[in-house]
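Chemist: If you follow the hints, you should be able to join the two separate chains into one complex; please do so.
Here is what each chain is made of, one letter per residue.
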Amino acid sequence: MAGIITHTTGVSGQHAQQRSRVDRDPVWVRWTLSFLAIGFAILFLVLPLVVVGVYALSEGLRVFLSALTDPDARSAIRLTLITAAIVVPANTLFGLVAAWAIARFRFRGRSLLITLIDLPFAISPVIAGLMLVLVFGLRGWFGSTLSDWGVQVIFSTPGIVLATLFITFPFVARELIPLLESQGSDQEESALTLGASGWQMFFRITLPNIRWGLLYGMILCNARAMGEFGAVSIVSGHIRGLTNTLPLHVEVLYNDYQLAAAFACASLLALLALFTLFLKIAVEWKLSRDARLAARDAIIETGLLPVRGDRSPRSTSPSTPTT
Amino acid sequence: MSIEALNITKRFGQFVALDDVSLHVRSGELLALLGPSGSGKTTLLRVIAGLELPDEGDVRFDGESVRDRHVRKRGVGFVFQHYALFRHMTVLENVAFGLRVKPRHERPRRAEIHDRVGELLRLVHLDGLAGRYPHELSGGQRQRVALARALAVRPRVLLLDEPFGALDAKVRAELRDWLRRLHEEIQLTSVFVTHDQDEALEVADRVVVMNRGKIEQIGTPEEVFHSPASAFVMDFLGQSNRFHGRVPGNSARQESISYVRPHEFELLKPSQSTRSIDATGSGDQLESMGVTGEIRKIYSASALVRIELSAADGRLVHVQISQEEFQRLAPSVGQTWTARPRRIRVFAADYQI
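Chains A and B, in that order, are what the protein sequence lines are.
Heads up: the first sequence begins at 1 in our numbering, then just goes up one per residue.
Heads up: the second sequence begins at 1001 in our numbering, then just goes up one per residue.
Extracted from the complex, chain B is given alone in its bound form (with noise of 0.2 Å):
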């Protein structure tokens, strides 16, 4: 089921949480909902979700309105960044929950409700751990029962708040590949909010990338990544080093900021260019001569070695380079080398930090 939000406002008194947000989200599309904290991207899932009220606009489920639909009878699985998970049940009633609350003529037999959550139980691997409760569970664990119940009531689309925020790295890179697998396997549409780049970059289809109330960016995780649609989105996916200056060649002296990423850098001799610029030059001097100070650190234990430069003006210039380029080059701490860019990006200077 697609689903649409046109022209969302939600204020919380003064604080204006979105301001004009319009999306559409697509049949059976995994997106996610990128962000830092503040960005709306909580807000923006509640208001699909029915658990807020937008002060204006409207949200559309397959094109009819659903803006005045109670959440109970909007047909969605929502996945709380806490999980929610009641306490007085074991796993078993927690799944069966949203069955056990129908009416009683669409409520399924005893025995249909116990298939139905075997069956979900088994979807999301925890087979057998029905009787627990949840104090008994790990923290993965228990996200999948969260999740287990949003499925039982076979909602209409899923929305998952933090789905892996609140779990130490390697459970969250786990439970990243199975709910990536997951939404393959039930293609239902879902939406999730994440803070956590990697995350929305690894399993959406499509990043929405938000801030302050406002969507940035909407594309791929590829669109996203490699061509950012504004300064805020290059700085917030992945790491990048800033330069600032002037737009080259524009007669209205307009500040820019020039970008390069980490990979982006080619590592050169000193000797190979005759001349250097500091970090402040124009991304015009930038791109011809690249920034040449001396190493101060090294981190080769990683796929990538990171380098960082200190340029002339004692700023930081990450570098990284892939290790048999390290091991070709064999660059060492307190060396002058010269980091010259292979691409940059220029945004105009209206985004601040």
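Chain A on its own, in the form it takes in the complex (with noise of 0.2 Å):
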């Protein structure tokens, strides 16, 4: 049995193999498609960081520092990673429960409540921040009455923060659905079966099972979270030194013609878009690794694959005799 079903896989792999042959293209095509791609890249990705980097150091490495150490940039900085300290662990909590309920249940508005997380992508972000405002504002709905309670949203860091939180949410929740959907609720139950409670269920068998694509959802809502401009730019009022996040800033700083200062202050945020990156890549790599090993076992219990010391003499039979 297992003889035969290696000989199958092995004709399809020889297959592939001529596929891949008859479906390769000729080399100019590859070397421009290539050549196109690589050259867009640098135009447009690649160059501009460089730009902002050389920018940035213009007038010295003192100008540099002092823009970053300046008390309103120092504030900028303060805010922003305030308000990203304060909305990834929020938005995971979101993030979690929604892809949760979205992944285990069917429910009456489950496919409303996806197309619900999508929302902030396909709203624009000023639109968002607009939104804030006619809720919030002092002749939004609750304004005045927040304001009676001597709670100021609007120009102040809870609308930020509510921005923000409203621009990241889609992040964590659309990496997670798909992948709590691939895994099932075997493991789960099976962990129940076994006597464990459900919080014992989710730190030992959930989480583990989903923590790169989590890690994967939370960088690049931090990224966002940090990076975003118009939805904050709208409900910040840009009061500096108080309401400016490091994009606002950057961009008070352009509007005044402080180029070299403007370009230090966004050689932090370039830096934290490598860093993500970075840090996107390895996750990536553990995600697809995962993935692998899944695909794998899943494989393994069809019975498609014999695992070592599961070979049978004939899985060696279909050898190509040697002339």
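Honestly, the hints are just simulated from the structure, not real lab data.
On a predicted model such as this, the values are computed, not experimentally measured, just so you know.
Take the hints with a grain of salt, since some may be wrong.
[As the list claims (entries may be wrong)] Not everything, but these chain A residues come out facing chain B in the computed CB check (under 10 Å):
| no. | residue |
| --- | --- |
| 1 | GLY184 |
| 2 | ASP186 |
| 3 | LEU192 |
[Claimed, not checked] Have a look at the derived ranges for each label pair, beta carbon to beta carbon:
| no. | chain 1 | residue 1 | chain 2 | residue 2 | range |
| --- | --- | --- | --- | --- | --- |
| 4 | A | PHE105 | B | ASP1019 | 21 to 31 Å |
| 5 | A | PHE275 | B | GLY1131 | 48 to 58 Å |
| 6 | A | PHE94 | B | GLU1136 | 35 to 45 Å |
| 7 | B | LEU1316 | A | PHE105 | 43 to 53 Å |
| 8 | A | LEU119 | B | ASN1007 | 38 to 48 Å |
Note that CB positions come from ideal geometry on N, CA and C, so glycine has one too.
Modeler: The structure is reproduced here in structure tokens:
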């Protein structure tokens, strides 16, 4: 049995090789396409990053450092970090809950929820900011009530956090829904039959299985939370040293013709982007390795792949005779 | 421990998975739930385990209702079809899981857990593999890890969902024998789900044949095989030839179906019977005269020789004879022979495939 099956996989392997030879494009097509793609990436992705670095240091290291240690810059960095520190955990929790509900339960309004999660991707960030102003602004629905209680949302940190929450909502959930769905609930049910409580099941079984996907979602969420401009710009009011986040601070400096300072701050965001990309690559590698293992598991479970020690003598039979 | 399922009904939307099913599993027996896919067998198993809540009915362990008891408190060992091993844990951690999640005052000490795991791995013949991860094991080994993991918490009943469904034929036969021996050793009330009749008939003490959310028959393997209670059971268990006709002597001219198993034919030279009937004849005629036709194919490379006979109306009749019989009669392809049934089972034609 195993022998026959190895035989077929051998055949399909040959097939794949033949097809790749047939499908192979002429050399000039491959070279042109590769050149275009790489050129495009350099022109629009790498070059701007280099320019940011060059401009940031154009007036010397001293100007660069003073631009970063300026009180307004420090306050902007602090606000950005605070926002991310609130938004990333909150959206990780929301994302987990939403993804869990969608992947594990069939309920009325499930597809609506899936659509709603994507809403922040579909709406322009500026509109998102304006919606918050309409709801929480002084003339908005809750604005006057809130201001009676002494809570100011718009032109203040809560507004910035809310706007960022809204914009970065989809990242974690989007990442987890397909992951949870593909893993099914067998392992979780298994843990329950073995006597695990809901929390034990979640922390010992579910979480370890989705950890890389979750981390990936959090990284993307964090990158966007620190870099978000449009929605935050509307609700922040650009009060220097108070409600400016790092991206807003960059804009303010740029509008003031302080190019070197603007690019010095921008270089921080660029570094964040590079760091995020780096992490993303590492996590993606982990994710794909997990997926490979899972796929291999599935193949072994269906008995299609002999594992070491399991091979029958016949599995070597289809080898081509040596001449 | 005995298990009782009383008048269980379970619906998924419009689909009725279980329709007023009652079942009694005796203490210490190995019971098979056998049926085609969609017959409700897995749902029944999951209801017993507490993984599904029945819409109606009650589940009792040793006479005590466990309907409202959460799955983690029921004390069932459940082996999933695809084993559901924890991928990020070693074999040892998998087997120890049920012990490690116990509340602190019930949790055995570390050394005890290791002893218990070692003992279980010996029981399932996996000693020495404790440090492996599931992806480093073969299908059969994974299956046994799943079993050891389920047994670790000393369950009161063992429930297995298609335990050998995902394995290749040879490993499957080995594990089947092994499960039988294991059950004799540990004497734990066990229920397993299968769609493979050989598996059910060979391994189980009693077999429950299910179809469309209902139980068709409960009995020992001999009972369900030799005295099927319905046309469905007859059809589902083993190969059989169907002949349509009327129930002889029934004035209501009720349509009936006659079944003859391939091995219940005897092969005769056509000259020995004067007349013959076609495959649509009634059970009565069938018994006295048999079916005459030309041999289309002979498969002799097995314990029993399988012969395909093409009847007058073109339908194929399957006949099985022993190798000795085959040597003696020496039938060959193209010759005309008569297959006369030694035994016919007639059911009213209320069942359609």
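Chemist: For each hint, tell me whether it holds in the structure or not.
Modeler: Hint check results:
Hint on GLY184/A holds. Least Cβ distance to chain B is approximately 8 Å, under the 10 Å limit. Because the closest C-beta pair between ASP186/A and chain B is about 4 Å apart, less than 10 Å, the hint holds. A hinted interface residue such as LEU192/A counts as satisfied when its beta carbon comes closer than 10 Å to some beta carbon of chain B; here the least separation is about 5 Å, so the hint holds. Taking the beta carbon of each, PHE105/A and ASP1019/B are about 25 Å apart, inside 21 to 31 Å as hinted.
Between PHE275/A and GLY1131/B the C-beta distance comes to about 36 Å, which lies outside the given range of 48 to 58 Å. Between PHE94/A and GLU1136/B the Cβ separation comes to about 37 Å, which falls inside the hinted range of 35 to 45 Å. At about 50 Å, the beta-carbon gap between LEU1316/B and PHE105/A stays in the expected band of 43 to 53 Å. At about 47 Å, the beta-carbon gap between LEU119/A and ASN1007/B stays in the expected band of 38 to 48 Å.
Checked against the numbered hints listed earlier, the structure breaks hint 5 alone; every other hint is satisfied.
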